[in-house]
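> Starting from the given sequences, assemble the full structure and let the hints guide the process.
Number of protein chains: 2
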Amino acid sequence: METNNSKKFTQKYLLTAAECNPEREMPLTLVMSRIIEVATLHANAWGVGYSKLIEANQGWVLSRVTVEMTRYPRVNEQYSFTTWIENYNRHFSQRNMEICDKDGVVIGGVRTIWMVINYATREGVDISKLSYISNNISDRKSSVAPQGRLHMVTEATKSTSYTFKYTDCDINRHVNTVKYLELLMNQFPLEKYDKQLVRRLEIAFMHETRCGDTVEVNLNDNDGLDCKLSVDSGRLSHCRARFCFSPR
Amino acid sequence: METNNSKKFTQKYLLTAAECNPEREMPLTLVMSRIIEVATLHANAWGVGYSKLIEANQGWVLSRVTVEMTRYPRVNEQYSFTTWIENYNRHFSQRNMEICDKDGVVIGGVRTIWMVINYATREGVDISKLSYISNNISDRKSSVAPQGRLHMVTEATKSTSYTFKYTDCDINRHVNTVKYLELLMNQFPLEKYDKQLVRRLEIAFMHETRCGDTVEVNLNDNDGLDCKLSVDSGRLSHCRARFCFSPR
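Line by line, the protein sequences are chains A and B.
Numbers 1 to 248, taken from the UniProt record's numbering, label the letters of the first sequence in order.
Numbers 1 to 248, taken from the UniProt record's numbering, label the letters of the second sequence in order.
It cannot be assumed that every hint is accurate.
As the list makes no split between identical chains, a pair holds if one copy fits it or if it spans any two.
[Unchecked claim] Restricting the straight-line Cα-Cα distance to at most 30 angstroms, the calculated cross-link-like pairs of lysine-lysine (DSSO-like) are:
1) 129 to 141
2) 165 to 192
3) 52 to 102
4) 102 to 12
No wet-lab data here; the hints were simulated from the structure.
In C-alpha cells:
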C-alpha cells in the first residue's frame, strides 16, 4: 500500500479540437508529449526538476517507451495521466503511467525508461545516489507487458531518406522524441489510420541525431498489424520501433 | 475602461525544458499553439467553444496571425497570454493578445483574424449574429502594427517541394496551422536562429491543403532580415508569410 502521496502524481487534461488528429482523437504524438510533461511535473513536485540537474549540466532523457491504448480520448473529452516510479538502478529509472477517462476508467498504460545524461560528455550519469528516486519507489505495477527486443529493419518493404530540420531539434540540440515518432507515423497513409488504431507502440531511442543529419527510415510491414521500423545511418540505429495496429 | 471580466482572459504557463528550441527559448511554433489554445479557452469560458459550433457542423479557423516579440520566454520561465477581441464583422473576428513575463512586463504582442467555416461546404459563415462576440468587444487596442499585404513569392532564392504527411493534418483533415509554420521555419538553417530571432512574423492562411498534397515552398531572402515566403500549388497560394529577423 502506498502511504506517501508524493509517489503518485495525476494531471487532468481536456482534449481540445485543435489538438486532435484526423480521426478526431488524441494523436499518439500528444500521448508522447503528455508522457514527458507529467514526468516533468512529478519531478518538479519533488523540487528536483530541470533546474536542479542543469546546475550540473545534466538532464533526463527518454530511452524507451511502451504505450498500450484500448481507445484514445476523443475531441472535447477529459482524461488524466497518473504516473509513478516502479524501479530504478544505476543507469535507468522505470516510470509507469495509467491513462483514464473522466470516469476513472483505464483506457491506456505506459512504461518508460529514463536516464540522466551529462550534456558535455553525452554519456549516462550514475543515478543511484539520487535520494528523491529511492524515496519515491511505488509498489504499484504496470499492466503493460515489458518492451521486447527491437531489431534493425534489414528487409525493408519501404525505405525513405529524411534530413532533420530546425523544428525537429530541441534544447539538447538533438532530434526531439516527438519528432522521431512523427517521422515513424508518417510512413503510413491517412487511410490506414482511418481503419486501424495503434493499440501498442514500442519505441527505443538508441543514438542521438543532430540537426541536418540525413537518415534512412526503414519499414517492414509484411504483417500489416505488426509493423517494425528503424531510423538508421548505415549500420547504426538512431531509433527502433514496433507499431501494433488493431482494426477499429 | 473595461468593466466586464469576460472580455479579457489570461492564462499562465511555465516553459518546460522539453518544450524549448535549440536556443533554449520558447519556439515560435509553441507561440502559435498557445495563441490557438488561449482563444479556445476564452471561448470555452463563455460556454461557446468547440462543442457549440460543431452542433451546426461549423468551427473557428485562423485566417491571419501577426506576432511581434521583443524576446522569447526562456527555459523554466513563467509567462502569460492575455487575450481580448478588438473588433468583428460579418466575416472576421479580430482577437489580440499580449505576452508577459512573470513580473507582468510585456515581451510580445499578437493580432489574429479568425473566421467560422462550415465543414460541409468549406465556406465562411456569417458571424454577425453571434451575440457572445458583440457582447465581449473590448476597447483595448493592440500595440502590434497591422499585417501588410503578403504577396506570392515569384522571384524565389530557394524553392523546395514538400508533400504533406499524416501528422501534418488535423481534425478538419487539412494541414494544421502549426505545421505550415514548421515548414516555413525549416527553410532557414539552425545557424541563422542561433544568431537572429524572429522579431515579427506575418502569416496568412489562404487556401486549405489536404494530406498527401504536394506544394512548392518559395523563399525570397535577398534581404536576410526581411524574408518573404509562400506555399504554393501553381498560381494558388495556400499560405504566405513574412519573417522579420533581428540580430540577437
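> Is it within, between, both, or neither for residue 165 and residue 192, if the alpha carbons may be no more than 30 angstroms apart?
both (26 angstroms within a copy, 13 angstroms between copies)
> Treating 30 angstroms as the Cα threshold, decide for residue 102 and residue 12: within, between, both or neither.
both (9 angstroms within a copy, 24 angstroms between copies)
> With identical chains, the pair residue 129 and residue 141 could be close in the same copy or across copies; at 30 angstroms between alpha carbons, which is it: within, between, both, or neither?
within (23 angstroms within a copy, 54 angstroms between copies)
> At most 30 angstroms between C-alpha atoms: does residue 52 with residue 102 qualify within a copy, between copies, both, or neither?
between (34 angstroms within a copy, 20 angstroms between copies)
Violation of the numbered hints given earlier is absent; every hint is satisfied by the structure.
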